[in-house]
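**Q** Protein chains in written order, with my numbering: chain A, 1 to 332; chain B, 1 to 332; chain C, 1 to 332; chain D, 1 to 332.
Bear in mind the hints are in silico, worked out from the structure with no lab data behind them. For every residue, glycine included, the Cβ atom is placed at its ideal position computed from N, Cα and C. Treat each hint with caution, since some may be false.
Below are the DSS-like pairs computed for lysine-lysine, each with C-alpha atoms no more than 25 angstroms apart in a straight line [to be verified]:
1. D:K257 / B:K326
2. A:K257 / D:K54
3. D:K7 / D:K54
4. B:K7 / C:K257
Simulated restraints on C-beta separations [unchecked claim]:
5. D:R118 / C:N23: 33 to 43 angstroms
6. B:R74 / A:R74: 43 to 53 angstroms
7. C:N23 / B:R332: 43 to 53 angstroms
8. D:E34 / A:Y225: 21 to 31 angstroms
9. B:A6 / C:R16: 27 to 37 angstroms
10. C:E34 / A:R74: 55 to 65 angstroms
11. D:R154 / C:A197: 28 to 38 angstroms
12. D:V31 / A:R74: 23 to 33 angstroms
4 protein chains.
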Amino acid sequence: MLVIIAKDTPAADLVRLTVSLENRGLRVTTVTAEDATLLYLAGETWRIDGEGLKALPYVVDVQRLTSPYPLAARSAKEAGTVVHVGKAAIGRDFCLLAGPCAAESAEQMAAIASSVARSGAAVLRGGAFKPRTSPYTFQGLGAEGLSLLMEAGRKAGLPVVSEVTDVRDLSLFEDVDMVQVGARNMQNFALLREVAAFGKPVLLKRGMGATIEELLQSAEYLLRYGNGNVVLCERGIRTFAGQMRATLDVGAVPALKQATHLPVIVDPSHAAGRSDYVTPLALAAVAAGADGLMVEVHNDPASALSDGAQALDLAGFAALAERVQKLLSALR
Amino acid sequence: MLVIIAKDTPAADLVRLTVSLENRGLRVTTVTAEDATLLYLAGETWRIDGEGLKALPYVVDVQRLTSPYPLAARSAKEAGTVVHVGKAAIGRDFCLLAGPCAAESAEQMAAIASSVARSGAAVLRGGAFKPRTSPYTFQGLGAEGLSLLMEAGRKAGLPVVSEVTDVRDLSLFEDVDMVQVGARNMQNFALLREVAAFGKPVLLKRGMGATIEELLQSAEYLLRYGNGNVVLCERGIRTFAGQMRATLDVGAVPALKQATHLPVIVDPSHAAGRSDYVTPLALAAVAAGADGLMVEVHNDPASALSDGAQALDLAGFAALAERVQKLLSALR
Amino acid sequence: MLVIIAKDTPAADLVRLTVSLENRGLRVTTVTAEDATLLYLAGETWRIDGEGLKALPYVVDVQRLTSPYPLAARSAKEAGTVVHVGKAAIGRDFCLLAGPCAAESAEQMAAIASSVARSGAAVLRGGAFKPRTSPYTFQGLGAEGLSLLMEAGRKAGLPVVSEVTDVRDLSLFEDVDMVQVGARNMQNFALLREVAAFGKPVLLKRGMGATIEELLQSAEYLLRYGNGNVVLCERGIRTFAGQMRATLDVGAVPALKQATHLPVIVDPSHAAGRSDYVTPLALAAVAAGADGLMVEVHNDPASALSDGAQALDLAGFAALAERVQKLLSALR
Amino acid sequence: MLVIIAKDTPAADLVRLTVSLENRGLRVTTVTAEDATLLYLAGETWRIDGEGLKALPYVVDVQRLTSPYPLAARSAKEAGTVVHVGKAAIGRDFCLLAGPCAAESAEQMAAIASSVARSGAAVLRGGAFKPRTSPYTFQGLGAEGLSLLMEAGRKAGLPVVSEVTDVRDLSLFEDVDMVQVGARNMQNFALLREVAAFGKPVLLKRGMGATIEELLQSAEYLLRYGNGNVVLCERGIRTFAGQMRATLDVGAVPALKQATHLPVIVDPSHAAGRSDYVTPLALAAVAAGADGLMVEVHNDPASALSDGAQALDLAGFAALAERVQKLLSALR
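Here chain A stands alone, though its shape is the one from the complex:
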């Protein structure tokens, strides 16, 4: 970490700062240059709150040279992490995660599960606890929804992933194969700690207003609290460009693949907001190097109780899955 100190700072201030940093266990090297004085800090700098150092009136800037997420950083594990969910190996094989926005009924779940399984999906998704922006819209079927999801997955031979929104509901997720932390909860640190302790693989979605660095720091929470089975998911960010529900930040894929050893998938559905935009976004994500896709699929989108506009129907998903396979072959 580099601390850039203003040019005419009194020696006493410099000494006091240096001593306090050394007291925190860092090794400090001082370099006097023309326009500034530089303090080069070595040691466990990720513990240091860089913003706090800037409180000092004579500190011009603070630059990190090592990672603030040492466990998640690529350098911690050059090989790359593989997260096993049932038989799926995310990070080793390209994986399709598919299913409806919400589990609505046994018939709906059965129809969708068998179809997406035939189309090559590796994991079945389905929401039981929906984080709905408005308190007046369908909130999901709760525990019953989880049962519907798990039953459908069992019959179709697919592991399941579902979103947990409340730490107190975690006990209901015992038989769920992968737990999802939604975009709106990416920095719900209380939830992250519990989900880490719960021990199951985690699908961590990037917040709509979150930077890549914040996503990685939330992943760092999970790793630090003992759970290394984390899959990151880009799903579109908030920008001024409003032609779709969110702006898919496809550049996040190569940026993340460089920064971390954790697998990175993309949810093109929440970015697209409309079913006819899902496929181009999905293919773009695959071409950019994503380890997988999570796609919303419904057997009857027009009747969906939530987010029907962006769901692919069964034939649409089958077609997408086929195109994805061709693309993967061409990319090797």
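Given the coordinates of chain A, work out where chains B, C and D should sit on it, guided by the hints.
**A** Leaving out everything else, chains B, C and D in the frame of chain A:
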């Protein structure tokens, strides 16, 4: 609500849609125009998931004409809501909420509390459960921090506000006068429901990537679940303009004052990120019509365990409070 | 166009508005509903300044139902426009446009031109008039730069494209095959009118802070002033996500392909800002349905006088071109 | 400038880089630290294209320590620049610039000019060349519009400011007191050079997608090409927060006042987009420390040919001007 249907839609599809909407309790008026067919819906349209209607291939667009947050909307209570926190009346009197980012020790809290009280603060803030982006930085003193805060408030004669980050910690907030839901938890709906039921006044911060509408819908959750004592807080949003920690959306103040009867305050500290930017942002917020300010204040910012860079020291806050009073006089 | 009028508007105001709209040649249909009065306008509504109508205190909202860019809209030409640049047919064949950020010398241009031609590029790019953000950095070789570019193109058998930044320089572009309007000049309407009149094919880059609609309206300027040979180019937008030089809005590709008949290409170089990010972004753009790519290529990036960080070297471009071909085969 | 070099870089590469930097006239100090090698560069570093240095594979990062806009930087002129426009002294006295979006007729201009003069405006604005996003809307009256503006200003005793959009129109601005470069032309460097040479005071508007740094670099163009009479203007930026036409970045005011000696004003009208939002934004700007405001005013907004929705009527502007005076008194 207005549903705009594509020009050559088969009559059968139109009939089916109309019937399903009427079955949901809405009154449907059909208007055939040159370029489109318009369905005008009256009734409890806030229950309708507009995005879901767009799933239909022949729906061109959906326009809301009435509010999706009927309880929070200004029309629900033209007079304006006053939220009482101790002796403070937010929404009636301009209120200053002040205190450190985190409660660190009894001496620190006592020094800050007595000083800000003398400077005219109406509420004392202090964090005990800090939502830190990195798992390696100071997380707050937890229950002990709350005790320090409440003791300091008691001695200085000020009510206190503190952030809750985990639903299971709410029981510790029995003697806290106002509960804060942080920006990162603005859409933690599980937390919102619990905080509403808890019954204390709520300070709801706008998420960094949240629209005004989403903020109001989160407020709607609180009102709908029985708690109408909600104060909204703008604290800066995520944009490409990175010269400060966040971009203060001062326009949110007049926009919110028009849209809702709930009081609106501003936190200039988290937008500024640096103490020398706090005052101009604070004064701008007051001039824009805010009902109050929440400012981070520390007796020794350079030693602060978190966010020291943006804290005003005691003299700085006293000066700001004086300038705010002068401004308020000029604005009447 | 739909004008939504507030519920209790005096009849006299409504009559006055209706008459003034009819005087502008529009046909007005009035619909009285429960919560509002709707004025449905038919005719040449693209002439109407919707924002101006909102000036009226009783106008709640204005919704366009037909296109504000009638010449550029897909409906004007379902077949899709093909823009011929030399032998390249953009919009019919997938086209690679490649070359250095700036033409620096005859040797540099010759080396790059022959190499990219062998790699399958259809058009050679090279800047002579660089819009440099800082007045202190390399501004391009001007007229000499154009000569170097055209000579290199001639020898390699490739048509050339170069950016014009000043209307008074257009006369120098007589022998340039395609004229580029840069992102910073997307709304330089004086330049657009001249470039349209100049008659050559135009490469119109999307501004970093421009919406899709604004890009299409700038294209509309060109079409309206007589030049229909326009290729649109997405090159990354300004967002809070700063991990790359700009955020590539890959969703703009399918959105534009739906909205307009004009071809759409992508410049992954300016979004990437770093050479190792160019390929994933390029492949993502191809997968999303782009009609072409414009890539910065340099024979010796470390010595480039501008934007060297994002340039691919000759081998890198050859590799990319090959991967693009494979991808295109897989996508058919 | 600090160049951070990766840890195990071969000595030969380091030597080659150091020599080439010294050949560019810089003084290089090398510091070997644990995690990196640092090259500290002193001299005319603003000439260096930092992005270009990052092309080198072993360069981890480049940090500027001195200003890339040495002429505009506050350090160049601690006192602060005063720009004289007629009798107005922007940067010394708080100035109101007011007038219609476009000059439409002699009667309109006369009514507005005399009224705003009485209300205390120091400069009359009025557009003759409108940069309209759509080619179908009112483009301004051109040379005739300028005449109307100048005549009205003369009669009311006010200097005038108007926007130039085309370098070839500059000759028409001989008797205009101040030339405006619009937001969309902030990086039209050809126009900036001509406007600088033209010699009149310049009002430079920040682009909707431009950073503060880019605004200052465009100002640097003007200063470098000989024109130091530059006033900067914040007018709202592009963000995801769409409740107003643009998001007023009020934080830009204190940030700019720190960074540069040039005066900084705010245009609340283009951010507000609606007349009832103009006043709160205007007052916020004043409280944040702006040196002036530019406000759109029309005698009959409902009939305005452009941007009527955001114009204040004559009484509205008089009221605003009075409130501004009170605010300024309170702020001293």
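**Q** Against this structure, judge whether each hint is valid.
**A** Quick rundown of the hints versus the structure:
Distance hint between K257 (chain D) and K326 (chain B) is fulfilled; the C-alpha atoms sit about 23 angstroms from each other, no more than 25 angstroms. About 20 angstroms separates the Cα atoms of K257 (chain A) and K54 (chain D), which keeps this hinted pair within 25 angstroms; it holds. The straight-line distance between the Cα atoms of K7 (chain D) and K54 (chain D) is roughly 15 angstroms, inside the 25 angstroms bound, and the hint therefore holds. With a C-alpha separation of about 21 angstroms, the suggested pair K7 (chain B) and K257 (chain C) falls inside the 25 angstroms cut-off, and the hint holds.
Between R118 (chain D) and N23 (chain C) the beta carbon distance is about 34 angstroms. The supplied range of 33 to 43 angstroms therefore holds. At about 51 angstroms, the CB distance of R74 (chain B) to R74 (chain A) agrees with the hint of 43 to 53 angstroms. A hinted range of 43 to 53 angstroms holds for the C-beta pair N23 (chain C) and R332 (chain B), which are about 45 angstroms apart. In this structure, E34 (chain D) and Y225 (chain A) meet the distance hint of 21 to 31 angstroms, their C-beta atoms being roughly 29 angstroms apart.
Between A6 (chain B) and R16 (chain C), the C-beta spacing of about 32 angstroms keeps the proposed range 27 to 37 angstroms intact. A C-beta distance of roughly 59 angstroms is found between E34 (chain C) and R74 (chain A), which places it inside the suggested range of 55 to 65 angstroms. Checked against the given bound of 28 to 38 angstroms, the beta carbons of R154 (chain D) and A197 (chain C), roughly 36 angstroms apart, stay inside it. Our hint of 23 to 33 angstroms for V31 (chain D) and R74 (chain A) holds, since their Cβ atoms are close to 26 angstroms apart.
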